[in-house]
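Trainee: Assemble the complex: chain G is given as a structure, and chain F must be docked to it using the hints.
Heads up: the protein sequence lines correspond to chains G and F, in order.
Start counting the first sequence at 1; every next residue gets the next number (the numbering used here).
Start counting the second sequence at 80; every next residue gets the next number (the numbering used here).
Hints were generated in silico from the structure; no laboratory data involved.
Positions of the beta carbon are idealized from the N, C-alpha and C atoms, including for glycine.
Hints may be right or wrong, so weigh each one.
[Stated by the list, open to error] Listed next, the stretches of chain G that the computed footprint assigns to chain F, with coverage defined by at least 3 CB atoms under 8 angstroms from CB atoms of chain F:
1) 5-15
2) 22-34
3) 45-53
[Unchecked claim] Below, in silico cross-link-like pairs of lysine-lysine (PhoX-like), each with a Cα-Cα straight-line distance of 25 angstroms or less:
4) F:Lys144 with F:Lys158
5) G:Lys70 with F:Lys313
6) G:Lys35 with F:Lys332
7) F:Lys316 with F:Lys295
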Amino acid sequence: MTITVLGPGCTNCRTLERRTLDVLAQMNVQAAVEKVTDLDGIAAYGVMRTPGLVIDGKLVWQGGVPSVEKIRELITASR
Amino acid sequence: MKEWVKFALLAAAFAALYAAPIDAPIVVSSIAAGLGLLQEYARLHVLTCLVPAFFIAGTIAVYVKKEAIVRLLGPTTAKRIAYPVASVSGGILAVCSCTILPLFTGIYRRGAGIGPAVAFLFTGPAVNVTAILLTGSVLGWDFAVGRLVAAMVIAVLAGLLMASLFRGHDKKNADGSFAAGMGGDLPYANSTVATFFLLQLGVLVVFGMSMDPLLKAVLVVAMIVAALGIVFLKFRKEHNLEWVRETWDLTKKILPYLFVGVFIAGIIEVVVPEEVVTGLVGENTILANAIASTFGAFMYFATLTEVPIIHKLMGLGMGRGPALTLFLTGNALSLPSMIVLFRIMGTRQAATYILSIMVLSAAAGWLFGELL
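Next up, chain F with everything else stripped away, as it sits in the complex:
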């Protein structure tokens, strides 16, 4: 940063503070609402949902065998296998967004081709474990499942569409090496890893259920003890350290943005007039879903921040259909990600991808709003 830029920023901040109507009712109530929502999240969701969710994501990053999955996205895999694998693997292979784009580029240029690559690109951010779990904890599990299923279906449809429109693309792909990885998968039985994963998921789910507090405490403690038993008896120390490091890394990356997002969501509730929300996206119409879809496509939501923001928009009267639509495009598309896409795929393919995701998401949201 240049010195004069620093000075300008400082001067602007000072001028804003000098002139700001700090004690105006709207400012006071905005800040109070932001803090209030932060407290709500801190009390209801941090320990019971986010902490287990980060450990689960860490488990996936370290213990789940990824090479076998990546191999299924290679150039020789049958399409009927590659598509479903691509549409679910986003949640397993790409816990953080910086792994999505290299994998996408690899599948697109060297692997199973444009269709599965697109399916993977869409579900990478949309079928994110922590995001699905937080959605369930805040908005209810019907929403979480709806989000998950809709994302997978849209991924396959968009992939098939792209593959049929740009048939020529994959012919150029045939040569070249495709290496799934050399890390060597960890020497643990699938059943051990699955049990470990399910125990942690169990902690999160039991926390969220309404039951006798004593029973709940017993169950949670039992599952934590069992999970720790696996950690100490079955897993090697170096891998456990990796697991803790990965979990901590994700927490550091995601939590600060989430807190900012929650604060903003609290302010939205005060600042945005209810009539605007109900007028634009209150009913489950085609137009309302199209508005939600377009807004989500251009808006950038840092991982997880879509949850509190959509939560509060629904409090202001946003319909369930448009809310699901916003979940789908809000995560998968943003202005920065579009720019990268145009660079990798070229104008025609990128524009087609973005448009088809917007249309399919609006359709899925509308359907969700009509049926459930």
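Chain G on its own, in the form it takes in the complex:
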């Protein structure tokens, strides 16, 4: 599983990245977490409001920092 955090590097994007890493550790899921910070790269996913979350190439979230429970749900749904 590859998880991509989309965001230019503001607080919200860092919060999302940290929560994602926490959830992965809790769930004991192996995944590569990468970040896309350049604006064209973010726009290529059709994301308007950062941060966004992409799991295995599919955009699953954008427009705010999701709660820890929501992230767990998104990861479970993509497995």
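Mentor: Positioned in the frame of chain G, the structure of chain F alone reads:
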């Protein structure tokens, strides 16, 4: 940082301290003026304006329903709707500058196209709630309203101009996904959020009015109690935590720079000779507005710092017209933002955008200076 760079910086700082004429009158009076202005802001503007303004900005960031607004900037929206929405949404969607560029890129590449994208890009930083409120508190509400209205009008004009010049751009845009957001808007009635917003705005406005102190205190306390009532009775705990976190985040991001800006503004008053200011931008001429426009375009003002600096420049004799011009270009353009623009839009479009903003801002400033 490399070790030798650290050493060089340290040595330079030490050499400067060694040689600096610390007790020269100009140094002493500069520092005194900087501190004096900081105290003035701390006493007059921090509690009564900035604190409520940050809470208001936090409210917008958390409680205002943004997905509906972003949807109106999509590729299928009629232009007569997209332009006005783009020109006001900057203040609602982009409380911090790091959200402006992703949204701009999205609208530009996938959404309503180059015109509304440009309108949004310009008003994003210019129609910033905290900046408008601080402008009103420091320089008067005619200035705040002038700044707001001029920014919106210029945004639409610049957008229309870009769209007509670069008609080919939007054709390539038609395909591709445009997702407004998946966060799901919060489950609160619009009227609740609006009341909450207006109560906080009320606190700020009443603080700024001259009235009987007892009446003022009663009104302010009543509005704070009512706002807290909404917080505890209507809103969920997790969203309130988000609201406090967002407010605190903005405060941390903006306040330190503002204090530095205020200190610098105090020094400007001592160091910059009055004749230079009155000579260059004292009268409301075309040339003076052009100078203010160019200076603002290249100068970088961190959010809100333009207010104390323009405040002090006006104290030195800057005219009202050039001051408004400087407000308009000072926020919207800076050397770093221009570099990003050239990368996203390409040379021709970016240069046209920057030039049209500079010309329109100078014109708006001139008009403001003539009429009011």
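Trainee: Could you run down the list of hints and mark each one as holding or not?
Mentor: Evaluation of the provided hints:
{"no.": "1", "hint": "5-15", "verdict": "holds (count 5)"}
{"no.": "2", "hint": "22-34", "verdict": "violated (count 0)"}
{"no.": "3", "hint": "45-53", "verdict": "holds (count 5)"}
{"no.": "4", "hint": "F:Lys144 with F:Lys158", "verdict": "holds (22 angstroms)"}
{"no.": "5", "hint": "G:Lys70 with F:Lys313", "verdict": "holds (23 angstroms)"}
{"no.": "6", "hint": "G:Lys35 with F:Lys332", "verdict": "holds (23 angstroms)"}
{"no.": "7", "hint": "F:Lys316 with F:Lys295", "verdict": "violated (30 angstroms)"}
When each numbered hint is compared with the structure, violations occur for hints 2 and 7.
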